[in-house]
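> If you want the building blocks of each chain, they are given just below.
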Amino acid sequence: MNLKDRRLLVIVLFMLITLVFIARLFQLQVLDPEWKVKAAQITERSVTKYPSRGVIFDREGRLLVGNIAVYDLMVVPREIEDLDTLALSRLLSVDVDEMKSRLKNASDYSTFKPTAIAKQIPSDEYVNISEVIGDYKGFYTQVRSMRSYPDSLAAHALGYISEVSPGRMEKDSYYRLGDYIGASGVEAIYEDAVRGEKGVEIMLVDVHNNVRGKFEGGRYDSSSVSGRNLTSSLDIELQKFGEALMRNKRGSIVAIEPATGEILAMVNNPAYDPNLLVGRVRSSNYGVLLSDALKPLFNRALQAKYPPGSTFKLVNALIGLQLGAVTTETYHSCRSGYYFGSRRLGCHSHASPLKLDYSIITSCNGYYCNVFKDIIELGETAEEGYKVWSEYVSRFGIGSKLHTDMTGEVEGLLPGVSYYDRFYGSGRWKAHTIISLAIGQGELGVTPMQMANMCATIANRGWYYTPHIIKEIDGRPLTDSTYTVKHETGIDRKNYDIVIDAMEQVIIRGTGRGVKYDDTAICGKTGTAQNPHGKDHSIFIAFAPKDDPKIAIAVYVENVGFGSTWAAPITSLMIEKFLTGETTRPAVEKRMLEADLMHAH
Amino acid sequence: MRTRSEIIGAVDKPVLLIYLLLVLLGWINIYAANYSVDYPSIFDTSREYGMQFLWICIGLAFGVGLLMFSGEFFRKNAILIYGGVLLLLIAVLIFGREVNGAKSWFGVGGFGIQPSEFAKMATALVIAAYLSDINMKVKGLKELLITILLIGIPSVLILLQPDAGTLLVFIGFLLVMYREGLIGNIIFLGIGLVFVTITTLFFIKTEWTLAEGLVVNSGWIISLLIIGLGVLAFSFVKRFILPRFRKQNIRGLIIIVISSLITVGAITLIYQSDSILKPHHKTRIDVLFGHMEDPSGAGYNVTQSKTAIGSGGLLGKGFLQGVLTKYKYVPMQSTDFIFCTVGEEWGFIGSSAVLILFLALLLRIIHLAENQRSAFTRVYSYAVASIIFMHVLINVGMAIGLAPVIGIPLPFFSYGGSSFLSFTAMMFILLRLDSERLEVFR
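Protein chains in written order, with our numbering: chain A, 18 to 618; chain B, 570 to 1011.
It should be emphasised that the hints constitute simulated quantities derived from the structure, not laboratory data.
Quick reminder that beta carbons are idealized off the backbone N, C-alpha and C, glycines included.
Treat the hints with caution; some may be incorrect.
Unchecked claim - Okay, the calculated bits of chain A under chain B, using three or more residues with CB under 8 Å as the criterion: (1) 21-28; (2) 49-56; (3) 538-546.
Claimed, not checked - Straight-line distance between alpha carbons at most 27 Å, and here's what the computed DSS-like set of lysine-lysine pairs gives: (4) A:K154 to B:K897; (5) B:K774 to A:K55; (6) A:K55 to B:K897.
With the hints as constraints, model all of the structure from the sequences given.
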């Protein structure tokens, strides 16, 4: 064999190697996407630019919910040098073992990406940290914003913010681990408006994690868009006054502007300071509030179902008038109650027989038993009569969710025909069986919000807008049809005028005499809801002024007895405060403010 | 005596052209790897690219100077040059500067000289001179041992530095010995099969999706590759080799192809069988060939290098756009890992083109070697081709994760004076020797 031929093998070897290398390059560069992903991972840093959350003003433009700066302490583990863990944990007032475990978690997550080692440090603590943090290599602070409530008002209505849940993150790709989201109340309902839009900045970093410039000259960067500001319909002064009046009482106040459905005040007690549920202390405080026997997290205005009591006689009067079951000249006699079969529904002593207007003024039980019986018996059967009646009642917003712009609202209870069929059997119940509905007792369950809305409906002589607590987004009125479409009751205006005249008399000479503070025409109605668990609830609803209603209000004070005793004076003070901007009866005010009706029993 | 222009006119144009192209590409890539807006000039000698330009100028002047010497000069003085380099290799062990744990540098002011770089050229010259000696009648065991000794002495001296990379290059002289008949086909086949084994083990975990649902195992790919190359070589033999040798060649070819296929099959079988390999053996193999995360973390360089090259994609990110190389994610990117810059900025097309340029250079050198009347020139040319081949094999192999991490420059590309001057000298001596092809027996 000729040695010259051996060149062939050498040539084949050279070609083989070249081919193998080219095949390998093809695999790395064309087939396998892994390396491109990896390259992006190690060279690109997405820096999220957080928008500031929209703030909330009250109806007069006063700050209701604001933002304050807090600081996150970030660490890039690979940049740490000569760390004195003990000093650092002292600086942050954190246990040294806790600090070690946080540092370990951070480096387990990533050695070159920043991790928050301490979150939401308030600015007073930040001052101390900022002085020395420069000496700690690998640490830096990052400003974040946190909610603040200058007057600590309306906690239930406004809701709170928490870290986004894994379930929500799955549904909405906007959110990333550790992001904050409105968890309840207005914060949750208007989340999309107030959260703004996050921005992103993609930086190129070198092997030492130094930023070397923007990725593709910033082509894929976006700046953050601040959240939109909200204007609440709440009146801070009225809200503040309401919360003061309800201190040490169990109950709720809801005030609505009838013409618009705007909520002027929504007071619950027991309540909590909304500032407790922000920042680092949120989860521990939440636990404390949750286990509090007084249930401060319970949003009575939207969640408590009370019998409406005598205030409901107004609705029965209106339905009766509309259906012809009663007229202004109808007399019924009341002999300290209403007798049906061998049973009696009691009443207090008053003149008898009596007409419609006086039945409202004196809140006669017997009269309304007759009216209710006549309404039900207009139908061929009790079922049919009841259907007509309950249809009218539901048009006052009773028995279903109002769909206010807050979370946690309940339906209340307006029983349907099937409810009684199930209870007594079909065709086996009649007006007398359910006679307690005549005076707002029995199965009925109405929230303070529904009650205030019912009052606003009467004030409007027959219609309402769904109550809402936010009136403007970025200065523009709401466009959501939920709040811009009128709900009509289908009851004639003239019937309202009859009832409203009587309501005015309630204040002038009836059960609500204590409400009057000057010559402003106030229309109201007391209520006393029987409560199987204890003393009756004191209820009052009212609106004023009579001919141009500016405020409709419902006041519930639990377990304190007659409506005229507690609910009426509170109603009076609230109306006076709202309409005149001041209060003129220091004795009444002092008594209401100082009364402790919660701890006495 | 020929004039200067005659000499320059007689040098092989393709080799010169490819050489210049590779030098230019190397310089551009060194510039890209170290580019900084503060030092935008490619001639700025405070930067590596400016220095490389300086070396290129010095190298070219040096090379043209070498063209003025006659081939006979190199042949006669080969042993002197060889002896001189050996002295330098000894001296560097005593007086050398220690860089990265190896005593391989002489420091002269700001410059450093690496004798081992010149040892390759000197060894190439000395074995060419020895094997072309007119007195040599047969090439037997004695000649083989002397050749091994000539290669072995500088190898051992370099091993003492220690410089494993340069040592590996000396293994390339096996190709020369094979071509000159000092070692037979069987040994060569053995070396070839070792290579096939290594390749198989590298790709053993790889599955390639050729099309939707058509996933093929690496064993098949390599087998197909071998068969394809066999067919290629077959047609090559049929086309160029005289008929009387054809049969023999084809037989040899068939032996190579079949034994390669058997090796691929056997390795795949052994690897996949649980009874032959113990789990810890398999783990060791997996770590060595990168199928498992290297526990010591020494795989960092290779991962960064593969990421840089892999992220280049088909067409690359473009000149000066190589983020990974520019921002120093890849270590030693202007010397050992210069190929990353090519891969990242010029993509699959660019890096393949560079490999093909090297292949073209190698094939052209082999072509020139076989056309020589002078045995000295032939042996020398083969030695040069082998040295360049080994450098590309190890350097590029390392960058794309097919060879262990061994620091060794990519010829003409990598930054560094000694390496560049050494390769340039090698090339220009080759060009000078080749230009004398027609006048050897005149």
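> Three residues or more, CB to CB closer than 8 Å: is that satisfied between the segment 538-546 of chain A and chain B?
violated (count 0)
> Check whether the Cα positions of A:K154 and B:K897 lie no farther apart than 27 Å.
Satisfied, since the Cα-Cα distance of roughly 22 Å is no more than 27 Å.
> Are the Cα positions of B:K774 and A:K55 separated by 27 Å at most?
The hint holds at about 20 Å.
> At least three residues with a C-beta closer than 8 Å to a C-beta of chain B: is that true for the segment 49-56 of chain A?
holds (count 6)
> Can you confirm whether chain B covers the segment 21-28 of chain A, using C-beta to C-beta distances below 8 Å and requiring at least three such residues?
holds (count 8)
> Between A:K55 and B:K897, is the straight-line Cα distance small enough, at 27 Å or below?
Holds, because 15 Å separates the two Cα atoms, which is no more than 27 Å.
Violated hint for the displayed structure: number 3, the only one.
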